[in-house]
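Chemist: Each chain is listed here by its residues.
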Amino acid sequence: MRGLHIPGYSSYKALYFLIPLLIILPILFPSNYMISVFTQIGIFSIVTLGLVLLMGYAGQISLGHAAFMGIGAYSSAILTVTYGMPVWLGIVLGMLISAAIAYIVGSQTLKLREHFLALATLGFNIIVYIVLVGYGELTKGASGFLGIPKFQLFGFALTKEIHYYILIWVIVLLLAIISLNIVNSHIGRVLRGIHDSEIATQSLGVNIARYKLNIFVISAVYASLAGSLYAHYINFIAPATFNISTSIELLLMVAVGGSQPIWGALIGSTIVISLSEFITPLLTKALGAKSEVKIVLFGALLILVMMYIPKGFVSLLKYLVPAKKQKYSGLATTNKTEK
Amino acid sequence: MSEPLLRVSGLTKKFGGITAVNDVSFHVNDNEIVAIIGPNGAGKTTLFNMITGVTPPTSGDIFLRGEKINHLQVHDLARKGISRTFQNLQIFHNMTVLENVMLGSHIKLKTGILGAAFNRLLVHREDRIAYEMAEEALEKVGLKDRMYDIAGELSYGLQKMLEVARAIVSSPPLLLLDEPMAGLNDGESARLSSLLLELKKQGFTLLFVEHDMKTVMRIAERIVVINFGNKIADGPPEAIKRDPQVIAAYLGEEDY
Numbered sequence: 040m041r042g043l044h045i046p047g048y049s050s051y052k053a054l055y056f057l058i059p060l061l062i063i064l065p066i067l068f069p070s071n072y073m074i075s076v077f078t079q080i081g082i083f084s085i086v087t088l089g090l091v092l093l094m095g096y097a098g099q100i101s102l103g104h105a106a107f108m109g110i111g112a113y114s115s116a117i118l119t120v121t122y123g124m125p126v127w128l129g130i131v132l133g134m135l136i137s138a139a140i141a142y143i144v145g146s147q148t149l150k151l152r153e154h155f156l157a158l159a160t161l162g163f164n165i166i167v168y169i170v171l172v173g174y175g176e177l178t179k180g181a182s183g184f185l186g187i188p189k190f191q192l193f194g195f196a197l198t199k200e201i202h203y204y205i206l207i208w209v210i211v212l213l214l215a216i217i218s219l220n221i222v223n224s225h226i227g228r229v230l231r232g233i234h235d236s237e238i239a240t241q242s243l244g245v246n247i248a249r250y251k252l253n254i255f256v257i258s259a260v261y262a263s264l265a266g267s268l269y270a271h272y273i274n275f276i277a278p279a280t281f282n283i284s285t286s287i288e289l290l291l292m293v294a295v296g297g298s299q300p301i302w303g304a305l306i307g308s309t310i311v312i313s314l315s316e317f318i319t320p321l322l323t324k325a326l327g328a329k330s331e332v333k334i335v336l337f338g339a340l341l342i343l344v345m346m347y348i349p350k351g352f353v354s355l356l357k358y359l360v361p362a363k364k365q366k367y368s369g370l371a372t373t374n375k376t377e378k
Numbered sequence: 151m152s153e154p155l156l157r158v159s160g161l162t163k164k165f166g167g168i169t170a171v172n173d174v175s176f177h178v179n180d181n182e183i184v185a186i187i188g189p190n191g192a193g194k195t196t197l198f199n200m201i202t203g204v205t206p207p208t209s210g211d212i213f214l215r216g217e218k219i220n221h222l223q224v225h226d227l228a229r230k231g232i233s234r235t236f237q238n239l240q241i242f243h244n245m246t247v248l249e250n251v252m253l254g255s256h257i258k259l260k261t262g263i264l265g266a267a268f269n270r271l272l273v274h275r276e277d278r279i280a281y282e283m284a285e286e287a288l289e290k291v292g293l294k295d296r297m298y299d300i301a302g303e304l305s306y307g308l309q310k311m312l313e314v315a316r317a318i319v320s321s322p323p324l325l326l327l328d329e330p331m332a333g334l335n336d337g338e339s340a341r342l343s344s345l346l347l348e349l350k351k352q353g354f355t356l357l358f359v360e361h362d363m364k365t366v367m368r369i370a371e372r373i374v375v376i377n378f379g380n381k382i383a384d385g386p387p388e389a390i391k392r393d394p395q396v397i398a399a400y401l402g403e404e405d406y
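Protein chains in written order, with this note's numbering: chain W, 40 to 378; chain E, 151 to 406.
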């Protein structure tokens, strides 16, 4: 801080806790299944790290980010399998394609406010889904795209679960630092300003349309990267994975985890994926029900979070860490009272 | 005589068949305090919205030091040196007082999204600039000891002061205030009045729309009176008080 205390900044200190945790987890739970769940949490955390900037900070609701995951995944698949490009190039081109599409979609839809933006992005997601199903020559249609190559790193093929766990979580940490840097700056204040009052932010000289668009593009690039990594990790993709139900799950992750500080992205992904991986099968068996149990569970979770912890689970973190703010609010109470 | 700081010429706004503002012209000189008054529905707010870029005029022009500004967007006006406050407070409720004002220094900063992500030195440098500017502005309005409080938790009167601090932090030459005294009690409005007079001493130029005649008569050097969309008077408070048209249209309704 160097003498400057700027409130509203998220702490990097969570990394001291997170990194050891990430090292210990695969030792505690060495089974391939558990590691694959952790990897999956990592992939979704990449998307939600972008979404907390868009939804939590700038206050723009998207129901279409699964589409950007799909664009990334299919770009990677098509470019590497059909056109024989190296994996890294497919990922980078996928991110560029997603950025371009996000730019075009965003420049039109971000003029819309609140629910209308959500609806427009929902519509965009449906369009992308239809294209993925319908444009079979390129995407292989509803039956899915097989044989996507494994990840290659410096001529070294990543084959084991643990390789992907490491790769993906390293990327998550790097992106978390980038997201933290963005919110821990004047830009973070601009985004929160847009959330609180667009007109006031604008009157301070902020071209809010440009900021909203840029953040939308960044979050789409994060989603695209996650989609590409998913494609090379699972080696098989199908359009259904990138349909609106996934977008809704992403929204749920952000809502449940919270977004200020940005660690809510990781918490939300962890909670939602753990529920669907560990709790849903138990409940399904216990109730003798079908997979709809998951939807009921998610619905209940969302209602409870909105009622009792509207700022998401991450807002509970402050009870774990002794508040630094204390000395300042102490000062505040001693000043002259108004009225 | 050089161009006045703000000059409004033949400004007209029609909403369908209704003319809300009709051919209004006036100017604001450097370091002057000018008030726009008028009965309810006279068109003050529409006039104000046109000057602040929120509503485009049907016809007429607005000049800032001779430069035509009526086609600029809201965010461009701040860069030109026009800052404003809002009638129904538009503070950032979830941010601290300090952050509210730091955001006000936007036009003085250069950090972009990529700069924030990868150039931490720039961020630290600009944070310090914004922090020091904010501290100074908060000192001026007397909110420095509340800087770490959440803005939404301040009293209404203090939120008004905060809005002024946010508007002046980038030292804009022209400050536009939309009904600054609305909702304030006597003590609060007296404090805000002295603050506005103090800002004039520091070189700011102020244009405000106001209902509260006591404040207008106390701090305005010149008053522009609007009635049914037309300008009916423009002059110093003493002259306005005696103007028969103004008395008939506005002051006559109540005792002052």
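Keep in mind that a hint or two might mislead.
[As the list claims (entries may be wrong)] To give an idea of the chain W side of the interface with chain E (calculated C-beta under 8 Å), a few residues:
1) I45
2) R228
3) I348
I should point out that these hints are in silico values taken from the structure, not numbers from a laboratory.
Note that beta-carbon positions come from the ideal geometry of N, C-alpha and C, so glycine has one too.
Chemist: Hints first: check each against the structure and report whether it holds.
Modeler: Now for the hints, and whether the structure bears them out:
{"no.": "1", "hint": "I45", "in the structure": "6 Å, holds"}
{"no.": "2", "hint": "R228", "in the structure": "5 Å, holds"}
{"no.": "3", "hint": "I348", "in the structure": "16 Å, violated"}
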